[in-house]
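From first to last, the protein sequence lines are chains C and L. Under the numbering used here, the first residue of the first sequence is numbered 1, with each subsequent residue one higher. Under the numbering used here, the first residue of the second sequence is numbered 1, with each subsequent residue one higher.
Simulated from the structure, these hints should not be mistaken for laboratory data. Any given hint could turn out to be false.
Given that identical chains are not distinguished, each listed pair holds provided it fits within a single copy or across any two copies.
[Unchecked claim] Computed list of lysine-lysine pairs in DSSO-like fashion (alpha-carbon distance at most 30 Å, straight line):
1) K313 to K12
2) K165 to K319
3) K264 to K12
4) K114 to K215
5) K319 to K145
6) K264 to K31
7) K84 to K264
8) K313 to K165
9) K313 to K264
10) K84 to K319
11) K13 to K264
12) K210 to K61
2 protein chains.
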Amino acid sequence: MTIGLQLLSNIKKDGHLEMSLVEVEVPSPGKGEVIVKMEASPINPSDMWPMFGPADLTSAKLEFSDDRKVLTAPVHESMIGMMKSRFDQSLPIGNEGAGVVVETGEGADALMGKTVGLSSGTSYSQYCCVPAMVCLPLHEGTTAKEGASSFVNPLTALGMVETMKLEGHRALIHTAAASNLGKMLNKICIADGVDLVNIVRKQEQVDILKDLGAKYIVDSSSDSYHRDLVAAIQATGATLAFEAIGGGQLASDILGAMERVLSKDAVGLNTYGSETLKQVYIYGGLDVSPTILNRSYGMVWGVGGWLLPHFLKRIGYEKAGALQKRVADEIKTTFASSFTRELTFKEAMTPEIIEMYVAKKTGEKYLINPNAES
Amino acid sequence: MTIGLQLLSNIKKDGHLEMSLVEVEVPSPGKGEVIVKMEASPINPSDMWPMFGPADLTSAKLEFSDDRKVLTAPVHESMIGMMKSRFDQSLPIGNEGAGVVVETGEGADALMGKTVGLSSGTSYSQYCCVPAMVCLPLHEGTTAKEGASSFVNPLTALGMVETMKLEGHRALIHTAAASNLGKMLNKICIADGVDLVNIVRKQEQVDILKDLGAKYIVDSSSDSYHRDLVAAIQATGATLAFEAIGGGQLASDILGAMERVLSKDAVGLNTYGSETLKQVYIYGGLDVSPTILNRSYGMVWGVGGWLLPHFLKRIGYEKAGALQKRVADEIKTTFASSFTRELTFKEAMTPEIIEMYVAKKTGEKYLINPNAES
Numbered sequence: 001m002t003i004g005l006q007l008l009s010n011i012k013k014d015g016h017l018e019m020s021l022v023e024v025e026v027p028s029p030g031k032g033e034v035i036v037k038m039e040a041s042p043i044n045p046s047d048m049w050p051m052f053g054p055a056d057l058t059s060a061k062l063e064f065s066d067d068r069k070v071l072t073a074p075v076h077e078s079m080i081g082m083m084k085s086r087f088d089q090s091l092p093i094g095n096e097g098a099g100v101v102v103e104t105g106e107g108a109d110a111l112m113g114k115t116v117g118l119s120s121g122t123s124y125s126q127y128c129c130v131p132a133m134v135c136l137p138l139h140e141g142t143t144a145k146e147g148a149s150s151f152v153n154p155l156t157a158l159g160m161v162e163t164m165k166l167e168g169h170r171a172l173i174h175t176a177a178a179s180n181l182g183k184m185l186n187k188i189c190i191a192d193g194v195d196l197v198n199i200v201r202k203q204e205q206v207d208i209l210k211d212l213g214a215k216y217i218v219d220s221s222s223d224s225y226h227r228d229l230v231a232a233i234q235a236t237g238a239t240l241a242f243e244a245i246g247g248g249q250l251a252s253d254i255l256g257a258m259e260r261v262l263s264k265d266a267v268g269l270n271t272y273g274s275e276t277l278k279q280v281y282i283y284g285g286l287d288v289s290p291t292i293l294n295r296s297y298g299m300v301w302g303v304g305g306w307l308l309p310h311f312l313k314r315i316g317y318e319k320a321g322a323l324q325k326r327v328a329d330e331i332k333t334t335f336a337s338s339f340t341r342e343l344t345f346k347e348a349m350t351p352e353i354i355e356m357y358v359a360k361k362t363g364e365k366y367l368i369n370p371n372a373e374s
Numbered sequence: 001m002t003i004g005l006q007l008l009s010n011i012k013k014d015g016h017l018e019m020s021l022v023e024v025e026v027p028s029p030g031k032g033e034v035i036v037k038m039e040a041s042p043i044n045p046s047d048m049w050p051m052f053g054p055a056d057l058t059s060a061k062l063e064f065s066d067d068r069k070v071l072t073a074p075v076h077e078s079m080i081g082m083m084k085s086r087f088d089q090s091l092p093i094g095n096e097g098a099g100v101v102v103e104t105g106e107g108a109d110a111l112m113g114k115t116v117g118l119s120s121g122t123s124y125s126q127y128c129c130v131p132a133m134v135c136l137p138l139h140e141g142t143t144a145k146e147g148a149s150s151f152v153n154p155l156t157a158l159g160m161v162e163t164m165k166l167e168g169h170r171a172l173i174h175t176a177a178a179s180n181l182g183k184m185l186n187k188i189c190i191a192d193g194v195d196l197v198n199i200v201r202k203q204e205q206v207d208i209l210k211d212l213g214a215k216y217i218v219d220s221s222s223d224s225y226h227r228d229l230v231a232a233i234q235a236t237g238a239t240l241a242f243e244a245i246g247g248g249q250l251a252s253d254i255l256g257a258m259e260r261v262l263s264k265d266a267v268g269l270n271t272y273g274s275e276t277l278k279q280v281y282i283y284g285g286l287d288v289s290p291t292i293l294n295r296s297y298g299m300v301w302g303v304g305g306w307l308l309p310h311f312l313k314r315i316g317y318e319k320a321g322a323l324q325k326r327v328a329d330e331i332k333t334t335f336a337s338s339f340t341r342e343l344t345f346k347e348a349m350t351p352e353i354i355e356m357y358v359a360k361k362t363g364e365k366y367l368i369n370p371n372a373e374s
């Protein structure tokens with residue numbers, strides 16, 4: 001019987017977080033299942049909430065001995081109610097990762113020994129037991145580290161372009177556009193001939209995207225921000241935006257700029273603004289403050305959440321498979337991720353290091369190698 | 001040649017509103033057109049913006065002589081830019097009304113002498129020339145005053161229920177629910193067996209709706225508001241709301257209460273909340289301040305504008321006709337409107353009276369009789 005280490009997160013009803021590294025028994029793979037020995041599990045922004053919830057990490061303490069490997073941190077009373085569904089449960093974490101198939105169940109032999117990416121929600125674990133179906137076999141010569149981010153960012157970026165097509169828009173706007181995801185989206189849009197307006201927050205991010213060949217870049221810290229945004233929308237005809245920040249007026253600014261372009265030549269009352277749907281999907285929450293909508297863009301607008309699993313369900317199995325194939329084919333180019341640091345489990349639990357990856361500094365991207373020596 | 005009086009609104013580039021009562025030539029009706037002599041044209045909330053835009057009505061002045069019948073009011077410099085599409089154009093106003101067909105063009109003889117409702121955008125006029133197709137023939141015994149509000153409120157209320165069905169929801173929430181529209185919606189929902197949660201702002205509105213037979217009424221001024229809203233959503237399963245206020249946290253409160261019900265029995269991470277779409281359509285703007293969304297309801301939510309003409313286009317001509325037929329059939333019951341005051345053109349232009357109908361006091365509903373002596 002194989003024993004593996006796994007990182008689990010537990011938010012206790014009494015008001016604290018316990019993230020623990022525990023020994024778990026690796027099951028025998030059932031029919032159609034495989035065991036993947038994990039080598040590279042990225043720490044994505046989308047892993048933060050499952051890992052830590054609203055815990056106050058500035059007060060986190062790590063105990064790491066032979067007997068007990070536990071990070072604890074308090075959760076403020078006013079926030080604890082939101083966590084009700086997960087009280088007092090030690091839950092697996094880690095949205096995605098990659099490793100090598102070391103054991104296969106009936107009907108899954110073809111994957112034996114292969115390096116695969118997977119999206120399991122359990123990737124912060126030395127061994128993952130998953131259906132072969134959720135594995136993306138990487139091409140010969142692709143390493144686990146190269147294939148570690150085969151799901152969340154690549155499929156989200158592809159999903160934005162597919163959503164644009166499905167909902168009848170002809171160009172895209174993306175915010176926080178110099179992120180890893182934003183870079184992928186630029187490469188996809190350049191390759192596919194889709195106009196993309198990139199909104200970033202500083203000059204250094206403008207430069208990053210220019211180097212990638214981005215054509216439309218708007219710097220929200222610039223004095224000419226609103227004017228630049230209107231000009232980029234005018235040039236591209238973008239009526240759909242994907243918004244990663246969430247808080248503040250960004251979504252509203254974008255809708256306002258779209259409407260300014262759409263109503264530019266309007267004559268007469270134009271009481272309800274243009275008839276063209278202006279849509280912003282909020283897919284992240286880098287700023288957790290409220291979204292402020294000033295509604296100065298007529299009546300034909302929408303703001304809503306966008307979620308990768310829902311998108312995949314919407315397009316169906318076959319189409320999702322085609323997108324995944326593209327990810328495997330272009331994992332070293334379009335979908336290349338770079339990691340600034342590889343962590344052991346112990347490092348990933350260390351408050352000083354947690355502070356670094358929670359801070360989401362531009363360009364910082366960490367991964368855990370679950371099988372590296374702690 | 002017939003001459004009729006018509007109320008026109010002009011916002012001048014130089015920063016003021018001019019609403020004028022002018023003599024216009026009534027055209028001969030073309031093929032399929034009719035001339036309606038208007039007797040009752042309601043002043044709806046949706047008429048305010050076309051009439052006055054953002055003019056400062058507290059400084060309005062009326063000049064009403066034989067030569068010149070003009071209301072003027074300043075528009076603040078910071079608002080004038082929004083009015084660009086309508087600068088220096090004398091535009092017809094008045095969304096709907098009713099009157100008697102006094103002349104018919106080729107192929108429209110059947111309407112001669114009939115009392116009809118119409119939705120033309122030109123109803124503040126003694127004579128309207130409109131396609132017969134946009135007229136709703138009222139039943140024998142229905143007066144113009146009874147049929148004056150056959151379009152905006154009735155079709156909006158019916159449109160809410162139809163939208164609910166089209167988008168797969170099973171119950172409705174409505175805000176500012178004691179309005180004329182809100183009362184109609186209650187009557188429709190009771191007749192059709194649709195559960196409706198009414199959100200109102202004071203006890204006196206609770207009483208009005210109780211008298212109508214409303215089952216679910218939530219008073220947002222009550223200490224138990226949030227709890228009551230959750231309980232009503234729990235009881236009805238409502239996942240769709242129509243929001244008339246627009247500004248503030250009401251839309252967000254509703255989404256939060258929906259999610260609380262939907263995630264009540266969730267176990268585990270529940271990172272993105274329930275998978276059921278929670279939707280709020282904002283169809284009015286009684287509060288013009290920003291909409292504040294705290295996004296504490298997972299990722300499967302939407303907020304957007306809802307507009308009657310778009311809804312009618314969506315359902316198509318035949319279905320829209322069926323809804324209109326119901327309005328004509330039930331104009332004295334389900335869709336009965338009561339008016340607190342009937343105005344002449346001159347009265348409708350008088351600053352003291354404008355102040356009354358712009359204030360939107362509960363229960364106040366005015367109409368203009370364009371053919372009453374001024």
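Here is how each hint holds up against the structure:
1. K313 to K12: neither (32 Å within a copy, 52 Å between copies)
2. K165 to K319: both (13 Å within a copy, 29 Å between copies)
3. K264 to K12: between (55 Å within a copy, 18 Å between copies)
4. K114 to K215: Neither, since 39 Å and 61 Å both go past 30 Å.
5. K319 to K145: Answer is within; shortest intra-copy Cα gap is 26 Å, inter-copy 57 Å.
6. K264 to K31: neither (61 Å within a copy, 34 Å between copies)
7. K84 to K264: between (49 Å within a copy, 9 Å between copies)
8. K313 to K165: Result: close both inside a copy and across copies, 16 Å intra and 22 Å inter.
9. K313 to K264: Result: close only across copies, 24 Å inter versus 38 Å intra.
10. K84 to K319: neither (36 Å within a copy, 45 Å between copies)
11. K13 to K264: Answer is between: at 16 Å across copies they meet the 30 Å cutoff, but 55 Å inside does not.
12. K210 to K61: The answer is neither: 42 Å in one copy and 56 Å across copies each exceed 30 Å.
In summary, the numbered hints that this structure violates are 1, 4, 6, 10, 12.
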